[in-house]
Structures are given as structure tokens and as C-alpha cells.
Amino acid sequence: MNISALFIARPVGTTLITIGIALAGCLAFLKLPVSPLPQVDFPTILVQASLPGASPETVASSLASPLERHLGQIAHVTEMTSASSLGTTRIVLQFDIDRDIDGAGRDVQAAINAARADLPTNMPTNPTYRKINPADAPILILTLVSKTRTRGQMYDLASNILQQRLSQLEGIGQVVIGGAALPGVRVELNPYALFKYGIGLEDVRAALASANANSPKGAIEDGEKHFQIYTNDQATHAADYAPLVVAYRNGAPVLLSDVAEVVDSVEDLRNEGLDNGQPAVFVIIFRQPGANIIDAVERVKAELPHLQAAMPSDIDITRASDRSNTIRASLHDTEWTLVIAVGLVTLIVFLFLRDARATIIPSVAVTVSIVGTFGAMYLMNFSLNNLSLMALTIATGFVVDDAIVVQENIARHIEAGQGRIEAALSGAREVGFTVVSMSLSLIAVFIPILLMGGIVGRLFREFALTLSLAILVSLVLSLTTTPMMCAIFLRPRPTAPDGARRFDPVATVRRGYERSLGWALRHGILVMIALLATICLNVYLFAIIPKGFFPQQDTGRLIGTIQADQSISFQAMRDKLGLLQAIVQNDPAIASVKGYTGTGAGQTNSGLVFIDLKPKSERSETADEVIARLRRQLVQVPGARLFLQSVQDIRMGGRASNAQYQFTLQGDDVNELYAYVPRLVEALQRSSVLTDVNSDQQQTGLETNIVIDRDTASRLGLVMSQIDNTLYDAFGQRQVSVIYSAVNQYHVVMEVDPRYWQDPSILKDLYVSTSGASPSGTATSNALAGTVTRGAATLAPEPSNTAQEKPINAGSNSARNAATNALANTGRGSTSAGSAVSTSKEINIPLAAFSHFGPGHTALNVNHQGLFVASTISYNLRPGASLSDAAEEITKTMKAIGTPARIQGSMQGTARAFQESLANEKILIMAALATVYIVLGILYESFIHPITILSTLPSAGVGAVLALLLFNTEFSIISLIGVILLIGIVKKNAIMMIDFALEIERSEGLSPRDAIFRACVLRFRPILMTTLAAIFGAIPLALSFGDGGEIRRPLGIAIVGGLIVSQILTLYTTPLVYLYLDSARLWANRQWRRFFPRLAGAAPEASA
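Sequential numbering of the sequence shown, starting at 1, is according to my numbering.
Keep in mind that the hints were calculated from the coordinates and are not lab data. Mixed in with the good hints there might be a few duds.
Distance ranges between label pairs, derived from CB positions [what the hints assert, rightly or not]:
#1 Phe967 <-> Gln571: 46 to 54 angstroms
#2 Thr78 <-> Asn586: 55 to 63 angstroms
#3 Thr78 <-> Asp316: 26 to 34 angstroms
#4 Thr236 <-> Gln571: 23 to 31 angstroms
#5 Gln571 <-> Ala309: 32 to 40 angstroms
#6 Pro1093 <-> Glu916: 49 to 57 angstroms
#7 Pro33 <-> His523: 54 to 62 angstroms
These figures come from a predicted structure and were not determined experimentally. Ideal placement from N, C-alpha and C gives every residue a C-beta, glycine not left out.
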């Protein structure tokens, strides 16, 4: 049956079908979403819990550990890490990549509920969780600046307007406000004034709490009208609190302004944000897991004019960092690479055919195959990304092969004197099986990738399917449109005049090949030795080539983490931020730099910096080269290091770090682990392979250790809760009351005046009231400005005991706010009944009377891996180093310094994924070989001929690895995909040889030697044409130096190198392997007939 006959007979219908495929592809191209890489979201969930004021050790033991015990029992958790710092813990759960994130979220909520009974009862809120993507960096950063408004005011507007509106947009996940804090009323106490009046800190706290309320008051009805009761129970500004009566002494009121300075400020003073050195507030926008970056950014851009209109006119909103710009530039560069590849392939065809009419045929096949694939991609919900466009670029060299094979065979028949229709029918029929074999065996290469799990399988599934779809479209066109066009466009070549010789360089090369092939067939042993040497060389080259996971991308954006001395103060840290930003900003490759430090940036000695580089067209250095240059300059700032890394589209692991790669250590003895890690870090910092080596272990932060004499304190009538509350009141920026507004809630924050909390010596002058929060006397409390007259005090009833009668559930935000407002005598319970102000001087005891204190060291964070304490070393690679080099360096260093037996180390994150992919590389290659063998065996109904075809592969492997070594490119998973593609490409040459040899062997009765010799000579032209088309289709990838070129280049280099070497060797090795295996087949048949004469007809390969 000749499939092509129907389409040759109906050229109009065939033309319209072809046009329809192209139009469908064009429409689909306009609708395809755009992204940097195929959507690969690791199912990851972040659990957060807080216990304000708690030390990292307390947080780790009381919050992290109970949660981890329950969360660790959830199925398919592949990694659980936690980081506990001052007052908060973050637990990151990473699940198996095939785990449903919504189902995982339900399991996490159930585990949190189960753990609630083991958590402290005084937690302000229940633990919360949200879905995250560990690879996510901000997709957009907005900057707010104003010449008239404070950063606190800008933060408030950003929180109330921008954060709410942006979070509602489709595709937007987390919206973080940084660089400042919400406005608040700050009560900055003078401890000496408090002692003068005999007022305890807890008295002030109770007075502040009872002075501000937001409770229901009821209503009054006079028969026909209803009156809602309203009071001015809310004090909203500093001016409202300054005249607050906090105590009575000698019958005269003591106002808050007498013992403190009350200012309208921010809730947290320890925040600083700078945009190119200027104070600013940042709106940092992340996408939802699974959302398209381009679409999400476009929605934000469309909303920005409305957001600007909703903000005061004296606040400017600017887009400081936009991830979509570099994504678009990368895809634009990839699209041009695709266009250039199509042009080069068409040029190669024209140079071989030297006929414009004949060149139209493969050009149409290439164009329609590529464009038509867009339609199939749209139906499969794929996106336009670097990998899918890279697949189409590579496909240009593949899809033209089928058209060339069909066209060349039809042209041969026309040259032999047949008519165009007859030549098209017979030519298409002869090579129909060859074309199907070539296409199906090439698609078979991708079957192992499609069946793979993990990151490699998920990442390259779209790549493999896109390439397979392009090959299938090409196969259909080669059996339909190409024969039809050949019947119309092809014509015999004009003969040269008598005596003239028409110059044909391909014919000249073919004659040389014919002579050299004859020599090779006569010296087969030498050629086979060369083949065996090639196989051995493959093993050796694969062992020595540097290996990596995914090429390091230059996305045009850097993210930096500031790590300062563990004893640094916020004031000094703020200065370091400014100095480091100034150095970065002065670099000629930097477009903008933004950074902030303080509570929102992590530990007290850390900060975050976001850097945008100039476009590649405006800078000559790569991102890594810029980082290397800045690294040398940033050492000028003493006491702080800025660790820079290029933002990547692929990042694994849930633990944040200062560098790209992580190595985690765990041990049974925590003290031994903490002592060993600094030694290992110091040794690795001297390495010639690694740079930016640092550890997340921070155990030497300064502390003021107060040792309380419990017996003395007890004799003085003090309990530990009174002492702790006094210290927290003085130094903890304690939120003592909530101010409600129409759109947000703000806090009254109490602590001693900043000039007192900047020196530990103030502890000598701190006093603890023996009455705690139980004021002496019965004066009323809720007096504000205009309601109290000095010298007149009004007695009130005894204190109310409703605090014990109405317990509040601290598990909700509303309960937290109510509890804060309700602080009175004991700091718990419902709102005061007017008895929170003392009327007689209290006994205040100096802290130094029952304690002594001095400097010490404390942990700034506590990290867990699984359920156990862990320390993670992060590092970057020096230029020219690979991940395989890094793994060897770490192992060698650990042996050199002597690692205790109870300490174990393992790669984490991207480095761990590299090790897993390295273990799977050999399996993946073997699986691809086995799949291709099975498909070829089925097509040829032979056990022997697939081996002949696969014998072409060793030379391709040698060429690929040699090319990577020559261009100093590591063997990454992109290079691995190139090698797998070569398995499908280079066997096409063997298929064309073997298929034709078998055909003429059967039809003309030639010997195997004569048949394979003739097949090689006659198929030399299409073999050379298809190989050069594939090489020139891959050259634009190999020469990609624009945006996103880091991903494309290894694939192009591997394919070009593999095709060049295999083209040279397989033209000689394939016919010899064919002959030797055919001899082996005949010998096996003879032995079968000798030992099993009755079964001679069933001898294996008898019909081959």
C-alpha cells in the first residue's frame, strides 16, 4: 500500500491541508503562554510559628520540635528543614514532585492541629502554613519614595492599599512589604523618672492597656428611636497618650509625659530600606506556585495606574525590578536562534540541490513542521519557553531529513528517466518504510525521559514531547505534502553540453568516499580496532569530564545576603548596608540596587539586597564575572560580608542560604557538631575550587546574661514572671495595646528610651516593682487628656476579678488584639474596670540587688534537618570549577581535617539533585539504547540489524564529550539530553544504509558486501545532506551568547561535536559491522541446522 498515492493524486486537497496546519500553528503561537522554563513547581509548604521575645533555643525546643514530630509523619515528605531565630520559626516541607500540593496542605493542617496541644499556651496565634516554590525569587519589586512622608506612613499605605489589591490579582502569591514598619505610638520610658515616682514598668503597661478600649457599649431606645452608644474610648495618637494618668503620688496625678516621651513613630525602629542609597519602602511580589510569570507581571502592570491613583500624590511608585524583562529578552533571542536555524538548513539544502524550485520543497516541510507543532503544543497546554523553543530549533535539522530522503529518492527516479508522477509514486513507496523507521526510532529515544520521575523527567517532558510532535508532523508531511510537491516542482536537471563537465563538488567527494570505502572494506580489522578504541575512549572521557547539574544562568538579577558580625547592633548594621550598597551601585554593570535590614530580613545581623544588572547589550561581563569583581571590592567593608548569587530559574531545597549550593552536617553530639563546623568552613575557605564558603551556624552572638539569685528575689517578694515582664517592658518593644482604625490595626509600643537600651550598663539602674502589675491603691485608670486635674484624685471600687472569669482564646488574631487591650492588674483577662493605677509609692528593687550580669555568647539561630540539629555550609564555585569538583573537594577536605565518626554530611538542594541526576545518567542512556533497539528490532524483524545501526553511537559520544571539553563546558543535564538526541540522530545514517542494502540484496540478489557498498555510495548524498542540515541547525545553539544562551549552548556544542565525529567514522564502521554481523548470522544459521536439522526452518534470523 502506497500512502502517498492519494495525496499525489489530490494536490489541491493536500495543499489546503498543509495550509490549514500552518494557520492553526500561527494562531496557537499567538495564544501560547510565555515562561522561562517549563512549569516545574516542587510541592513545598512553609509552616511558620511565633513566640515573641523567645530566644532561638527556646523557639527550637518549644515550637519547632513539637511541630516537626507531627509534620515528619506526613507521607511523601522528601525534606524537612527548620530555621529558628529570635521569636519565630520557619519549617519548610518539600514533598515528592508528584505529590498533590492541595492534599499535602490538608495533611499539614491536620498535623498542626495535632501538635497544638504540645505548643506553648501563650502563643499569640496558631501556626500558619502556605504553599511556596523554593526556586522563586521576586517577579516584581515596587519602590515607594516620597519627599514629604515618613517611611512609616508609606509602609502603612502600602500595607492597606497595595498589598491588599495586589494579593487579589490572579497569579500573585505573597506580597511582602519591606524597609519599614507600620505606624505606631511609641512610649519611650525614662527609668530614672520611674524610680523617682516609685512607679514600676508593669504599672505603666497596665495603665496603657486599660486606657485604650474598643468594646461594645449597647444602645438606648426611647420608644420610637434607637440610639447606638458611642464613646471616645480609642486613643489614636501620641498626643492622646501623653496626658494619661499612670499613677497618683501624694494625691497628685503622675502623667505619662512625666516619665516618658510619647511619639508618633513606627512599631519597630529596627528596620531600614534603601533604594540606590535613598530611604524607601519596598513592595516585593512573588507569584503563586504554578502561575505564569509573564501573565502575573502583566496583571500587576495593568493595575499600577489604578494603584498610583489610589495613593497620595506625593508618593511615587516605580518598578524597581522586573523579572519579565529578562525572560522576554531570552525568549526573543531563542526565537531568533530558531529563525536562523531554519535559514541555515534551507541554505544547506539549496547548496546541495542548486535548484530554487527543488529547495522550496524541504523549506515548506521545515516551516510547516515547526509552525504546525505550535498547534499541538497549545492543545497540550505547553508554553513558549527556552526548552520548548530549543527543541524546535534542534528539530529544524531533524524534520528536514524526512523530506530530503523522500525528495532525493524521487529525484533519482526522475534522473533515471521516469515521469514526475511515476517517480513520485515509486520514490515515496521505496523510502516510506525508511522514513517511518527513522522517525519512530528517533521518537523512541525520548520514551525513557517521558517515563522518568524527579526533576529531570518533569523538566524535560515538555522538551521531549515538543520535539516528538515536530518529528511526527514532519513524518506526516514527508509522506503527503513532499511527494505531491515533488510531482509538481521537480524536473530533470539540464544536461551539460557535449564535452563540458558540470562541476559537482558533492560528486567529487562521493568518488573520494567510494575509493576510501573500498580500502576500509579490505582492511576491516583496522577499522574495527578503531571502533573498539572509540568505545573505550567514551568511557574514559565520561569519567574525566567535569560534571554539573544545570547551566548557571545569567538572568540579569543578583540577590545578596549581608552577613555581619554576630554581635553587631542595628545601628551599625544600618551603616554597613549603606556602605555595601554604595560599592555595588558604583559598579558600571549595575542598573539598580535595593536592600533592607532589620526584623524583616532575618537575624539581627543580616540583610537582603536585590540587584538588577544592565542588559547584556550594555555590559561585556557575565553575571558571574560581575559577582567576582564585586567580591574583591566588598572586602573593603570590615565586619560584614555581602554574599552575592545570580538568580536562577531552577533551585531546589527548602533552606535559604548565602550561596547556590549547600552541604549539611548532622551529628549525635550537638556540641561536637558546633565545634567541628567552623574547622571545616575554615579549611574549605582555602580551597581553589570553592568560594563564598560560609555556614548558617551562628553560635557566638553576644548576650547579656542575667543570673538571678532566686532565694534573694523570693525574700524580696519577687517572682520570675515579674522580673521577666519588667525586662520585656524595658527592652522588648512590647506591644501593650491595639489601636483600631477603619482599615488596619496599630499598636502602642513600650520600651525604655533608645538612649538607655544602647548600653548594657543600664541594667544597673533598672528597678523591679514588688507589686508587679497589682497597683497599690484604688485610683481610677481610664483618664485621658482633659479628664484629669492635678491634685485631685478620685477613689474607685476594688479591682475587678473579671480577668479570671472570661478566658480568651489566644489562637486567633481577634483574640490576640482583645487580650492586648485587656491587660490590667495581672496582664490577663478582660478590660480593666478602672483600677489599674497605683495611688501609693511602690517598693522598687534594683535588679542588681538580687542578680549579677555579664557578657556571654548565645545562638542567633538554631537549624534542624529532619528532627535533628544541623549546620549547613553553603558555597559557590570558582570560575572553571564544576559540582563534581566541589563534591570531591569537600570529601577530600573532610578526610584531611579528620571528621568525627558521629558526624555525617550530605549534599542538599541543587547539589543533592546533581548527585541524583549523576546516578541516573548512565541508566537513562542505557534505557534510551534499549528502547531504540527494541523499536528497530520490531521494525526490521531482526535481532542483528539493530546492533548494526546502534554501532554508530560510540563515535557520536566521543565527539560530544570532546567538544564540551574543548569549549570548557561541563557535562550537565542539558549536555545529557544532547547525547540522547545524538542516539536518535546518528543512527539515521545507518538506517539509510542498512535499509537500502537489504532492499537491493533481496531484489537484485547481490552479495552482502556488494549490497552494502552500493548502498553506502548511493545514499552518501542524502546522508551528507541530512547530517550537515542537522549540524547547521544546531550551530546557532552552539553560538548562543545572548540572553538565555547559557542553557542553549551546551546542547548545541554536544550535537555539533557528536555529528561531526560520527559522520566521519560511521561511514566506514557501519558497513563493516553490517558485514561481520551478517557473517555471524550465517554462521549461527549453519550451527542451528547442524544441531537441529528438524528445526532448520525456524533458525533465528533466517529471513533477515
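We went through each hint and held it up to the structure:
In this structure the hint that phenylalanine 967 and glutamine 571 lie 46 to 54 angstroms apart at CB holds, the actual value being about 50 angstroms. Restraint check, threonine 78 to asparagine 586: a C-beta distance of roughly 43 angstroms breaks the suggested window 55 to 63 angstroms. A hinted range of 26 to 34 angstroms for the beta carbons of threonine 78 and aspartate 316 is inconsistent with their spacing of about 45 angstroms. Between threonine 236 and glutamine 571, the C-beta spacing of about 30 angstroms keeps the proposed range 23 to 31 angstroms intact.
About 38 angstroms separates the C-beta atoms of glutamine 571 and alanine 309, a value consistent with the hinted range of 32 to 40 angstroms. Checked against the given bound of 49 to 57 angstroms, the beta carbons of proline 1093 and glutamate 916, roughly 54 angstroms apart, stay inside it. The hinted window of 54 to 62 angstroms between proline 33 and histidine 523 holds, with their beta carbons roughly 57 angstroms apart.
In terms of the numbered hints stated before, the structure departs from hints 2 and 3, listed from lowest to highest.
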